[in-house]
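Participant: Build the full structure now, drawing on both the sequences and the hints.
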Amino acid sequence: MPVTLRELRPVHVIGVGMHRYQFPSETPYIHMGLTALRAALTDAGLEFQAIESAHVGTTGCGMAAGRVMFRHIGSTGLAVQQIENASASGSFAFANACLEVASGVRDVALAIGVDKYGDQKRAVTKEGINRLSDTASVPLVKYALLCRTLAREKGLSAEDLARVGWKNHNNASTNPFAQFQKPRTLEQVLNSTRVAGDLTSLQCTPRGEGAAAAIVVSDDAMRSFGLNAARAVRVLSSTAGSETLPQGREPGSVIAARDVALRTYREAGITAQDLDVVELHDAFSIEEILYTEAFGLCPEGHGHHYLREGRSAIGGECAVNSSGGLIAQGHPLGPTGVGQIHEIVRQLRGENGDRQQANARIGMAHMIGLGSVAIAHVLRKD
Amino acid sequence: MKLCKPDLYKLSDDGRTMLLRAARCSRCGGLSFPAANYGCPLCGAGPECCSEEALSGEARLLEFITIHGKVAPGITPPIVVGEAELAPGIIEEIELAVPEEALTLDMIVQAVPIPIERDEESVLACRFIPKGAL
Ligand SMILES: [Zn+2]
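These protein sequence lines are chains A and B, in that order. The numbering used here runs 594 ahead of the 1-based position in the first sequence. The numbering used here runs 1 ahead of the 1-based position in the second sequence.
To be clear, the hints were calculated from the coordinates, so they are not data collected in a lab.
Below are the BS3-like pairs computed for lysine-lysine, each with C-alpha atoms no more than 30 Å apart in a straight line:
| id | chain 1 | residue 1 | chain 2 | residue 2 |
| --- | --- | --- | --- | --- |
| 1 | A | 748 | B | 71 |
| 2 | A | 776 | B | 71 |
| 3 | A | 720 | B | 6 |
| 4 | B | 3 | B | 132 |
| 5 | B | 71 | A | 720 |
| 6 | B | 71 | B | 11 |
| 7 | B | 132 | B | 71 |
| 8 | B | 3 | A | 715 |
| 9 | A | 715 | B | 71 |
| 10 | B | 6 | B | 71 |
| 11 | B | 11 | B | 132 |
| 12 | B | 6 | B | 132 |
| 13 | A | 720 | B | 3 |
| 14 | B | 6 | A | 715 |
| 15 | B | 11 | A | 720 |
Counterexamples of contact, computed for chain B against chain A with all Cβ distances above 10 Å:
| id | residue |
| --- | --- |
| 16 | 20 |
| 17 | 27 |
| 18 | 108 |
| 19 | 120 |
Given the structure is predicted, the values throughout are model-derived calculations rather than measurements. Built from N, CA and C at the ideal position, the CB exists for glycine as well.
Facilitator: Following this line, the structure appears as structure tokens:
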């Protein structure tokens, strides 16, 4: 039987940092990456020399981005690897850092996501297989089609969809790291530019760039560096999967998301009802509604009621995307999954200011990447 | 006129409809679309087990919407796209050559050749229209 993360050495997030997500600019990725890294080191109370390995999630920086960046903070000889897994690049970088510490091969590992808005070249274009519709590999279209079906079958309204954008834009409005920091009204979200079907632009993730970093350590490192245990957040599970053969019209991404969420609960020894905060892949508003159901935060078919009743708002049962999510904090791809860890760690430490979910103790970061791949981590403040 | 995506479809004998090029697997008996040269997506058998099987191009329309933004290269919005069942269990995204108002759920649609301009050349694309309008 394979072992789970929780059965290995305890892994703690001890430091997190970010460079604000922003629209594509001339800012060098090295500046953004080092800003996030220095913030994470300060947060941890560590020097760069202590980092034994770095896992760099990026999609648009080009080959070998890590060393080009790290030589401006110290050529310490640390192990460096680059991970590209579309939207989930940063999440997989974090998973690898956790697994290294858990397995015992490292005591201090860094996950860093950094990205520029790149050429977005996708391997699917090299498959050599056409599709009947040129939109067939565009997830937005698949979700917009599903919105129409759910409107008919479950009474999901255009206003329900807009409500996700409304909540997440307002969450982001007080988040200094968010790409959008403007409070929005429901009407503004509803009446923004129509993109596909009932989905409007303020319900869709923007193009962007930025950086996020998280440092994970073992118990041994906590002791030897004299780190502040009161600020450590334990990583209970790290679980990944990908799509299975489609059955009917349910998107493969939703099936994979559900499977990974349920497995990660088992591995972490929790249930959905234990979650106080969740960051999830709301590239499009409908996804948040579908995933809150798929994750068991509410019954199937009740995602829009759960949202309407404020149960996923900050102060509700479980704050979903308190950062603003992909819609409003932004989605620079490489950093996104690490940015989720940043938000959850701050929530669980009680350091999240205006966006603090009261008494938050357990959180989940859940990400989808093109393909689709899915990955989730459960974190707990002991 | 050349076909826009000849790997996916071919003209029927009378030239009024498009036949879709699917693949049948001799190991599992499963049908897949589009046909690919890599093997059977259902059971993993090698490409030597897959042979072409033409579908009539008739499909059941499961959903449809209008795309307003330029969400993919090669499209000129607004366009109407849908999901349709091409054969039992094979659900694909399709482009429709009629406005939303001409469509109803579960209606039978038919793949037909429609001339379009691509790379400054006229080619025949595969679009779907209500079967009754044929
Ligand atoms: Zn087969």
